[in-house]
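> Whenever a hint applies, use it, and build me the whole structure from the sequences.
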Amino acid sequence: MPAARPASSPSPSSDPTTADPGATKFGEVVEASVDSVTGQCHTLYGAPPLGTLVRVGASLFAVVDGVSTAALDPGRRVIARGAGLESESDVYAENPQLERLLRTDVTLTVVGHEEGGRYFQHLPPLPPRIHTFLYACSGAEVRGFMERSDWTALVLASALPTADDVLAAALREAAPHFDAPRAFLMQTCRAIASQLPTDAARLAAIMRRLPLSEDS
Amino acid sequence: MTTNGTEPAFPVRIGAVVGGSLSRGLDVRLESARAVEDVKVGTFVTVQGQFNRFFGIVTDLQLESSDPRMASAVAGGGAALAEALSGTTAYSTASVTPMLTMTAGDEGPQPARSMPPHFANAYRASNDDVAAVFGSEDARHIWIGSPLDMEDTRVCLNLEEFVKRSNGVFGKSGSGKSFLTRILLAGILQRNAAINLVFDMHSEYGWQSTSESGYAAKGLKQLFGSRVSVFTLDPASSRRRGAPTDYDVVIGFDEIEPDDIAVLASTLHVTDLGVQSCYALERRFGRNWLLEFLNHSQEDLASLADSMGENPGTLGALRRRLSQLQRFGFMSEHSTGGSAVRQVLEHLQDNRHVVLEFGSYGDNIAAYLLVANLITRRIHGEYRERTEKALAEGKPQPTPLLITIEEAHRFLDPGVAGQTIFGTIAREMRKYRVTLLVVDQRPSGIDGEVLSQVGTRIVCQLDNDRDVDAVLTGAPGSRELKTVLSRLESQQQSLMFGHALPMPVVVRTRAYDESFYADMSVPGHGSAPGAASTPSRSDLFG
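Here the protein sequences come in this chain order: L and P. Terminal number for the first sequence in this note's numbering: 217, no gaps in between. Terminal number for the second sequence in this note's numbering: 526, no gaps in between.
Bear in mind the hints are in silico, worked out from the structure with no lab data behind them. Even glycine gets a Cβ: it sits at the ideal position worked out from N, Cα and C. Each statement offered as a hint is correct.
Incomplete in silico selection of chain L near chain P, CB under 7 Å:
id, residue
1, Cys190
2, Arg191
3, Ala194
4, Ser195
5, Pro198
6, Thr199
7, Ala201
8, Ala202
9, Ala205
10, Met208
11, Leu213
Printed below as a string of C-alpha cells:
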C-alpha cells in the first residue's frame, strides 16, 4: 500500500507498516465524525495523556481532548469492591475479571491530516473508519506536524468547554520534542494571539498553563 | 529622475497600508519591532500602489490594540505574554499623509489626489526618491538641508519660485532663523534669483557676526564682495566692529510723511487724533511739515492750534512724542535731498544687493520702523512705475526684488498692516516683482490677511501655541503639521512648506560654514554647471 494514501480513502488505513516506528499503538476507533473521534484503548488505563498528538491510521491527526474509564457494558454499573482490602492494587489482584469488564476511552479533536507527504492543518474530507488503529505520535511526527500552528484554530473553535486546557496540554506535551521548546511555545502562542485578536484575556489564560519561565 | 548613476538604496520596508483616508492620512501597520522605534514623525515614506507610487510623510505614530480590554488582560501577564501579544493583538501604526503621486514616465511628482489600496507596501524613502521630489542642486535650486535621518540626502529649494511670493522664516529666538536667512540670501545672490534689500536690524547679514556658540559667521559682503553694498545708520558702530561700509545713511526730516508717523503711532504712543493732526500739518506746511512743526515753541503752538482748528493739547502731546525723532543721529534737519534713499534705489537698479545696518539703532524699534518703512515706500513707488512701464513698452520686467525685514510683526500687525507699505507689498506687490522675506519670532502678531499671502514658510521651533496656529493657518494638513512642528529640536531644524516646495519637509539645516562659503564662491551655483539658464537671465537684465 502506498504511504501517501489519501485520508479520504474508505479502505482500512491502519496498516501498521505505514506507521512511524517510534509511534505507539494504543487503541482503535470506535466512533468517528469528521471533527472528532472516540477511541477505545487496548489496555485498561492505556490512554496517552491529555493533549497528546495522535495519528489515526496512516494519515489523520488528532489531539486527545478527554480520557474516561467506565464499565464495558453501560447498563452494568461498576460496584465498589475494596471493603476490607488494604490497597487499591489489591482490588485488581482479587478481581482479575476487572481488566475485562472495564474499558478506557479517549476522545480526540481532529486537527489535520497528511496527504502526499504534506501536512494539512484543516479537517479531512471524510472521518476515519471504525477500528482504525490509534498511535501516539513519535517525536519526529510531532515536530513535523506542529511546525506550523494553524491546527490551534481547530482546538480553539471546538465546542469543548475545556478547549483551552486541551490546547495548553497539547503544547505542553509537544514542547519537549522540540530542540528549542520555548521558541516553539512562543511561536505557537503568537499564532494563537492572532487567532484571538479581541480576546487577550483568553490568550493570557492559556499561556498561564504553559511552562514559560519569565526570566528566559 | 535619479540624480546620479548610483544604484538606489535597498528599499527598507516598514509595513503595509491597513486603512486611513486622504485627509487624515493612511494608517500603515508597522511590521517589525525595529520599525516601530525607527520610524519618526517627519520621516519620508513611499507607498507602492499597483499603478502609482505615493510619496508621503509620517505625521503621527500610534500604539493600537485589536482588543479593547487588552490593558486589563495583561495585568501581571509577564514578559512571555507581552512577547506573544506584541505584533499580534498589540501593534503600532504610523499615519502617513500622502503628499505626492509619482507615475512612472511622466512629468514628475503631482499633488496626491488618490490613495494607494489596502496592503500596499510602505517603504522608507530612498535618497533618489527625495531627489526626485525636491530636485537637485542646479541654477535654480539651492541645497538647504537634509531630511531628518537622511544626512546624505539633499533637500533643495527652488529659488526662482521662492522669490515669486512673499516668504516667511519663523522661529523663536535662538532657533537658527538668522543662519537660515543667511543661507537663503546667499543662495539668491549667487544664483541671481533676485536683488536683495536687507533691513539688518541686528547688523548680522552684511559683515560677520558671532553665533551663540562663538563661531564667526561671514556676512554677505565677505562672500560676494562688491556685489553687496552695506549701508549703515550708525557709522560709529560699524567702525567699532571693523565692518567696512559703503554709505552712511542720513535722512532728512522733509522725507518723513504722515504715513510714516501712522506706522510709528503705537511705538511713539501717538494717538489716532495725533496722526490725523499730522495730515493737517502736512497740508499746512507742505513737505517740510515735521521740522516746521517741531520748531514751533510752546507759545506758537497755541496760535497754530487755533489757526488749524486743532486741540492745543493734542498738538502739544504730538510735538513731545515726535521730538523723539530728533534724537536719532541719522536724522538731518537740513534736507540732504533724500540722497541716501536715492542711493539705495540706484544700487538696486544697478543689480547690487543692499544690506542696511542699523547698528545701535537696531534696539530702537521706532528707528527701525521709520527707516524701513520710509525706504520701502519709495522703492514700492519706483518698482511699480518701472514694471508698469516695462509692461507698456513690452520690455523685460525688472529683476525681482526681495526685501528682508526682521521683527516683521511690528510692520504687519493687524493694527498697522493696512497702513504700512509692507502690508501692501505682501498683499499685492508680487505683480510688481517685489516680495518680502519676513523674519519673525511672533507670527501670531502678523495680520492674518498678510500671513495668508506668505508663499513659502520656513518654521523653526516655536513654543507659543498661538504662533504655531498662526504659522500653519491655511496650510493643507495643518493638524498633522502641528504634530511635526511640536517635535522640532531647538536648533538647526525647520519645517518648510508652501509655494517653492512640492511638499512639507522637516530638514536639518545645512551648516553655514567653510564648505558653504566654498560653494558660494563659485559663480552661478555650487556643483553642476547651469549654463543653460544663465543667458536667459542675462537677457532679462539687458
